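Participant: Using the sequences and the hints given, assemble the complete structure.
Chains as they are written, first to last, in the numbering used here: chain Y, 1 to 197; chain H, 1 to 214.
Check the hints yourself; a few may be wrong.
As the list claims (entries may be wrong) - Stretches of chain Y that chain H covers, calculated by requiring three or more beta carbons in the stretch to come under 8 Å of a beta carbon on chain H:
1. 72-83
2. 110-116
3. 119-130
No lab work stands behind these hints: they were computed from the structure.
None of the values given here were measured: they were computed from a predicted structure.
No residue lacks a Cβ here, since even glycine has one placed at the ideal position from N, Cα and C.
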Amino acid sequence: MADPLFEEGFLTTRLDYVVNWARSNSLMPMPMGLACCAIEMMAFAGPKYDVARFGSEAMRFSPRQADLMIVAGWVSYKMAHTIRRIWDQMADPKWVISMGACASTGGMHRCYGVVQGCDNFLPVDVYVPGCPPRPEAVLHALMDIQEKIRNDYSLAQDYTAGKIETLDRALVGAERPRIVAPDGNRIVTPDILYTQN
Amino acid sequence: MESLKFHFTPVDAARPNAVNPHAQPTTDRPEAVAMLRDAFGDGVTGDETYAGETTVFVAKGRIAEALQRLHADGYSYLADLGGLDRFTEDDRYEVFYNVCDLHRGRRLRVKTRVDESDLHLPSATGVYRSANWFEREVFDMFGLVFDGHEDLRRMFMPEDFQYYPLRKEFPLLGIPGSLPLPGHLPGEDLSYDPFPAASSPTPKSFQEPEVSGE
Ligand code: SF4
Chain Y
1 MADPLFEEGF LTTRLDYVVN WARSNSLMPM PMGLACCAIE MMAFAGPKYD VARFGSEAMR
61 FSPRQADLMI VAGWVSYKMA HTIRRIWDQM ADPKWVISMG ACASTGGMHR CYGVVQGCDN
121 FLPVDVYVPG CPPRPEAVLH ALMDIQEKIR NDYSLAQDYT AGKIETLDRA LVGAERPRIV
181 APDGNRIVTP DILYTQN
Chain H
1 MESLKFHFTP VDAARPNAVN PHAQPTTDRP EAVAMLRDAF GDGVTGDETY AGETTVFVAK
61 GRIAEALQRL HADGYSYLAD LGGLDRFTED DRYEVFYNVC DLHRGRRLRV KTRVDESDLH
121 LPSATGVYRS ANWFEREVFD MFGLVFDGHE DLRRMFMPED FQYYPLRKEF PLLGIPGSLP
181 LPGHLPGEDL SYDPFPAASS PTPKSFQEPE VSGE
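Facilitator: Written out as structure tokens, the structure reads:
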């Protein structure tokens, strides 16, 4: 894809569309069920709410086969290290849903043993409010993730924000590639992807 | 406008002749108290019956023997074991044991008190195997050391945690810098619980209103 003809041309953008369509309709969740929210997560996967309609019915308990982590329940400090490790084992590209008040903010567990929000150590994409959230709310979060994927660049490069080749590995570590601003090694927040339709 | 008042739950003193309409004869066990008094004499430091439930207090050095005696008498099931911080000058901690006799339908509560100056007491794991994890939990939360327990490690908190969270002096929000969290990126340094560190230096639980002396 180094040839400028292919970088943001017709072929790659159409291919992008197909890849994103396939990716967004076959998300495989890694159910990180930690507390009571996990029960609602089961309802979300079960026949009544039927997440198979959105292509995500294949829950994978192996991080190698999953690309969407649903953190359902409160995260203790001891568990945080395990969750982080599972997250690191998941293959790119990957997304996180923080399900419920506890995973998002610590919720009612305002005490020494519970991490006050799993975004202290995970890059959360969607927060779902509620205690527990209804399965519909989790479905909505899944649809938000799908929308995010469809608006993403996977093959074509986003020239509005700079070239991916200028990515500084030391700055972003082994994370998924981020867009880097033209003026140097500053990481551009993902909002820019949504503002420039 | 009505001024707001903070209401506390009144503290109930034990009423000796209280009647508990739900009490079952299974929990009123004077004969077990008599049996323990016969066997241990001064080792039994007291007993009380409140709302139809019998509690025996045993000196902490003899608690394992007392449980052994009860086990031989038919109380073969240790339903529960836990600790509490009475927050008093002497005999600060208390450990309770709820034992059941499943064949004859009897229940008894045994208690022992542990002073802050010596946090050791004999383990019940030699008598009841179910005491294993209960004692680990009490060790984790209060720092009481059960002598003779073969695997006394922390149960819920990380093993290198230095405090005992259910002691009354432990602040509810934790102590800044005591619990590590993974960093945002792989290979990044650990961060230390951002939440208590971001709050004010005085823990919130110390700022709460106190019970006025009554
Ligand atoms: S948000 Fe509510 S339902 Fe979910 S884990 Fe917390 S307490 Fe449980």
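Participant: For a quick check of understanding: which of the numbered hints are violated here, in increasing order?
Facilitator: none
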